[in-house]
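Residue numbers (the numbering used here), protein chains in the order written: chain A, 4 to 334; chain B, 3 to 275; chain C, 2 to 276.
Don't read these hints as lab results, they were simulated from the structure.
As the structure is a computational prediction, the values presented were derived from the model and not from experiment.
Please note: incorrect hints may appear among the correct ones.
[Unchecked claim] Computed spacing ranges between beta-carbons, pair by pair: (1) R144(B) x P215(C): 57 to 63 Å; (2) L154(C) x S230(B): 18 to 24 Å; (3) G254(C) x R204(B): 42 to 48 Å; (4) Y182(C) x R204(B): 46 to 52 Å; (5) L273(A) x G103(C): 31 to 37 Å; (6) E149(A) x Q40(C): 20 to 26 Å; (7) L257(B) x N262(C): 51 to 57 Å; (8) P38(B) x L255(C): 55 to 61 Å; (9) E149(A) x P38(B): 51 to 57 Å.
[What the hints assert, rightly or not] Which chain A residues face chain C? A few, computed with CB under 7 Å, are given here: (10) Y217; (11) F219; (12) E220; (13) R271.
Just so it is clear, CB atoms sit at the ideal spot from N, CA and C, and this is done for glycine as well.
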Amino acid sequence: MPRDQQSIGEFAIEVDQLWRTYRTTTGTLRRHRLEIEAVRGISLRVEPGELFGLLGPNGAGKTTTIRVLCTLLLPTSGKVRVRGVDVVEHAREVRRQIGYVFGGDRGLYDRLSAIDNLRYFADLYALEPRRQRQRIEEVLELVGLEGRGRERVEGFARGMRQRLHLARGLLHDPPVLFFDEPTIGVDPVGAREVRQVISDLAKAGKTILLTTHYMFEADSLCDRIAVIAKGKIVAQGTPQQLKAGVRVGTVIEIEAYGVPERTVQRIRDLPEVDSVATEEREQAQLLTVQAREGSQLTGRLLQLLEGVRVERIAAREPTLEDAYVALVTAE
Amino acid sequence: MSVASVRQEPRTGNFWRVFFVGGLISYRALFYWISPWQYIPTLLAAPLFQILFFVYLGRSVGVGSTNFFVVGNSIQVCSMSGIYGMTMALSNERFFQTLSPILATPANRISIFLGRGLPVVVTGIQTTAFGFLVSAFLLGFRPAPSELPALALTVLITAASCTGFGMALGSIGLRVRDVWVTANIAYFAMLLLCGVEVPLRRLPGALQALAHFLPLTHGIAAARLLASGHNVAAAWPDIGGECVVGVAWATAGFLLFRYFEGQGRRSGAFDRL
Amino acid sequence: MTALPRPLSEPLFRAGPAPLGWPRMVLSGWWYQLKMQAQSGFTVLVALIQPLIFASIAMADQQAGNRTLPLLYYALGAGIMGIWSTVVFGCGGALNWQRHQGMLEPLVIAPAPFVLVLLGITLGTASVGLYAMAATLLWGWLVFGAHLHFANLPAFALAVVATVVALGLLGLVLGSSFVLYRNSNALSNALEYPVWLVCGLLVPLSLLPGWTHPLAYVLAPTWGVEALRAAAIGGNPWLPLLWCGVASIAYLGLGVVLVRNVERLSRIHATLTFQ
Numbered sequence: 004m005p006r007d008q009q010s011i012g013e014f015a016i017e018v019d020q021l022w023r024t025y026r027t028t029t030g031t032l033r034r035h036r037l038e039i040e041a042v043r044g045i046s047l048r049v050e051p052g053e054l055f056g057l058l059g060p061n062g063a064g065k066t067t068t069i070r071v072l073c074t075l076l077l078p079t080s081g082k083v084r085v086r087g088v089d090v091v092e093h094a095r096e097v098r099r100q101i102g103y104v105f106g107g108d109r110g111l112y113d114r115l116s117a118i119d120n121l122r123y124f125a126d127l128y129a130l131e132p133r134r135q136r137q138r139i140e141e142v143l144e145l146v147g148l149e150g151r152g153r154e155r156v157e158g159f160a161r162g163m164r165q166r167l168h169l170a171r172g173l174l175h176d177p178p179v180l181f182f183d184e185p186t187i188g189v190d191p192v193g194a195r196e197v198r199q200v201i202s203d204l205a206k207a208g209k210t211i212l213l214t215t216h217y218m219f220e221a222d223s224l225c226d227r228i229a230v231i232a233k234g235k236i237v238a239q240g241t242p243q244q245l246k247a248g249v250r251v252g253t254v255i256e257i258e259a260y261g262v263p264e265r266t267v268q269r270i271r272d273l274p275e276v277d278s279v280a281t282e283e284r285e286q287a288q289l290l291t292v293q294a295r296e297g298s299q300l301t302g303r304l305l306q307l308l309e310g311v312r313v314e315r316i317a318a319r320e321p322t323l324e325d326a327y328v329a330l331v332t333a334e
Numbered sequence: 003m004s005v006a007s008v009r010q011e012p013r014t015g016n017f018w019r020v021f022f023v024g025g026l027i028s029y030r031a032l033f034y035w036i037s038p039w040q041y042i043p044t045l046l047a048a049p050l051f052q053i054l055f056f057v058y059l060g061r062s063v064g065v066g067s068t069n070f071f072v073v074g075n076s077i078q079v080c081s082m083s084g085i086y087g088m089t090m091a092l093s094n095e096r097f098f099q100t101l102s103p104i105l106a107t108p109a110n111r112i113s114i115f116l117g118r119g120l121p122v123v124v125t126g127i128q129t130t131a132f133g134f135l136v137s138a139f140l141l142g143f144r145p146a147p148s149e150l151p152a153l154a155l156t157v158l159i160t161a162a163s164c165t166g167f168g169m170a171l172g173s174i175g176l177r178v179r180d181v182w183v184t185a186n187i188a189y190f191a192m193l194l195l196c197g198v199e200v201p202l203r204r205l206p207g208a209l210q211a212l213a214h215f216l217p218l219t220h221g222i223a224a225a226r227l228l229a230s231g232h233n234v235a236a237a238w239p240d241i242g243g244e245c246v247v248g249v250a251w252a253t254a255g256f257l258l259f260r261y262f263e264g265q266g267r268r269s270g271a272f273d274r275l
Numbered sequence: 002m003t004a005l006p007r008p009l010s011e012p013l014f015r016a017g018p019a020p021l022g023w024p025r026m027v028l029s030g031w032w033y034q035l036k037m038q039a040q041s042g043f044t045v046l047v048a049l050i051q052p053l054i055f056a057s058i059a060m061a062d063q064q065a066g067n068r069t070l071p072l073l074y075y076a077l078g079a080g081i082m083g084i085w086s087t088v089v090f091g092c093g094g095a096l097n098w099q100r101h102q103g104m105l106e107p108l109v110i111a112p113a114p115f116v117l118v119l120l121g122i123t124l125g126t127a128s129v130g131l132y133a134m135a136a137t138l139l140w141g142w143l144v145f146g147a148h149l150h151f152a153n154l155p156a157f158a159l160a161v162v163a164t165v166v167a168l169g170l171l172g173l174v175l176g177s178s179f180v181l182y183r184n185s186n187a188l189s190n191a192l193e194y195p196v197w198l199v200c201g202l203l204v205p206l207s208l209l210p211g212w213t214h215p216l217a218y219v220l221a222p223t224w225g226v227e228a229l230r231a232a233a234i235g236g237n238p239w240l241p242l243l244w245c246g247v248a249s250i251a252y253l254g255l256g257v258v259l260v261r262n263v264e265r266l267s268r269i270h271a272t273l274t275f276q
């Protein structure tokens, strides 16, 4: 398969009914076999040059999915192709055409300099030796680390490490890039820069798939989003489509102390109520009640909450975040 | 549960409880080798081959006898537990940052400290016994039967004195970051200096003198005498010497422990790696 | 930061079939691994304690005994003992260490054949053992007055390289099998003395029971130390060197199979990154 070309009409990434199950054993004396279904029948298509987001809470199956796409994991069943190449059959060919950037403090050799880290991988990617120095300078400049190349990575802050991860991912100029939670643990200014780079790369024609649990990040960056929860895609589309999918209604936020579970259930049972999400906030709880438009619920809610100390009760318009929360917390 | 119903144990009862139970629990939490996957290779297989290795070395160079190396190495291996095990028991507490909560309790310090030593001594004795056993099988090692009780006592005392030495190292590890380097150096230096593999008189005078301040030296000398059939009377000076060395190091370790505890209270240096 | 267009003048990738890039991949790994480990003075220091103590024990006993074998014999033996320790701990634990650093994912995702990646790592680790060799020789000369003469210096140099390469390849076998066990450290611990003993590092093979000899013949340290002693003290170094080479090839073959197995298993069981 020619490196830079791709047949017209083919997708950059194709996932068909991907299932991924983990078998683990627990216990020391009597070992039980546990089967955990991390990914349960995911299908998606990403066009060349698209910026696609996989959005979901922790444990939803995002990282497992991206690992399968990057050839790190084998699917339990299903077909996955990157640029038309099967990730199981031809892993090495896929690896030549992808870059994988993940967050965190690990993943770099602390005792080597930034340049040495890149040089090593330049050799592993079979970059032409005479071009390596120039290419390394290019990518360091691209990520804003020019001049810091000779410093040892152990002195790098999280944001700088993230940039070096990105530099390494771009070293061989792959047409497809995978980002796994690229802004996690990065300060707001650094995160904004990372997003800008991702956006620029997409504009330059790269196909990008990123995972995130930040709603606003997916919303602002991605051409299309797939919302994933408990191993399944629960919604897919452009940010506009997802917002349109949010049922127009009312959201009532209640901040209270010590709401008993049966009260929450009674609220849920009210006919106008679509869903109730509870969140613990230190000593108090935040109840987010999604209800149909026009329903006058406040009075009845206060009745149900009699005896409970209510700090605040307010109604507002729903946002994309509410839709997201409703999607990922639904059974 | 009302506050009034909680009674405090009498002081002596609490001492022994902390000593035995507390020591055992902390041993399980901290002694890395407790799992069979660790224990068998480290405390059984390695010592077995160590004994064989040095017995053959001795034969090759024509130094000592089979018994010389069997006794020397079998006893030496108890220092693995004594040094590394004890260093682990104390320093790992700092690593897991559980030191402050323990020192915040009113429990008697000596019982905390010594309680940790007991399981370590037992492990050391087990290791040595195993060494003697395999040597009996594989190398025909036959200690003089009449002196076996005295030999057993010597093993107990030597294991305890190595543990005392380990207590001193472990206490240093409460403050010093790289105590493992010191423990390593100490362990291997003792292999060279304490008459385990090299007859003591072959060492330069200064090193011989140093050896007398270290555990193992006297214990091994006593054990060699007993194994070859000498009377207990001949071995008493060395047995006594090993006792003194062990108690001295354990005391030093305890004093260091208390000193660092006081220092830690003043400077807040506990739990900082 | 803006995305730069790629210059059209020079191609980014090496031209020609893939295997052309393989030597460079291995050498690169070798170099950087060595650089990382050798730079830590602390690591080097700790790695020297054991070999020096064993060298001292052996040489002190030699002086106390019949002195049939020269001190250099023991200095070299202790040096190889040191290289073996480095290999059995460093290579055995190599994949676990890389996983701990979070490096397994980037290394596997690179299109380089993983066996070459691991080989670079194990060769680099084995090379660090040369510190032990140099230290025991120096120590033997300074403290015990060992005569450091080399009957055949070129053969000695060749033997050093051959030994490091052979042990690096044996490290490949160790690394790709130890990774399946969580407690690889304990396993490494248990394999120090047996190999030192069986390979005749401080004790001539003739003194050991005959049934251990086949085991010795398949282990590289046996031939490495033979070749080094022959080249230094006197004797024929070429036969041991030949066997060193044969063993190396066998280890490479076994390593390729084992690594392929490890790769397959890790993609199935997700043990690359999950602790």
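| query | When the hints from earlier in the document are held up against this structure, which numbers fail? | reply | 1, 2, 4, 5, 8, 10, 11, 12, 13
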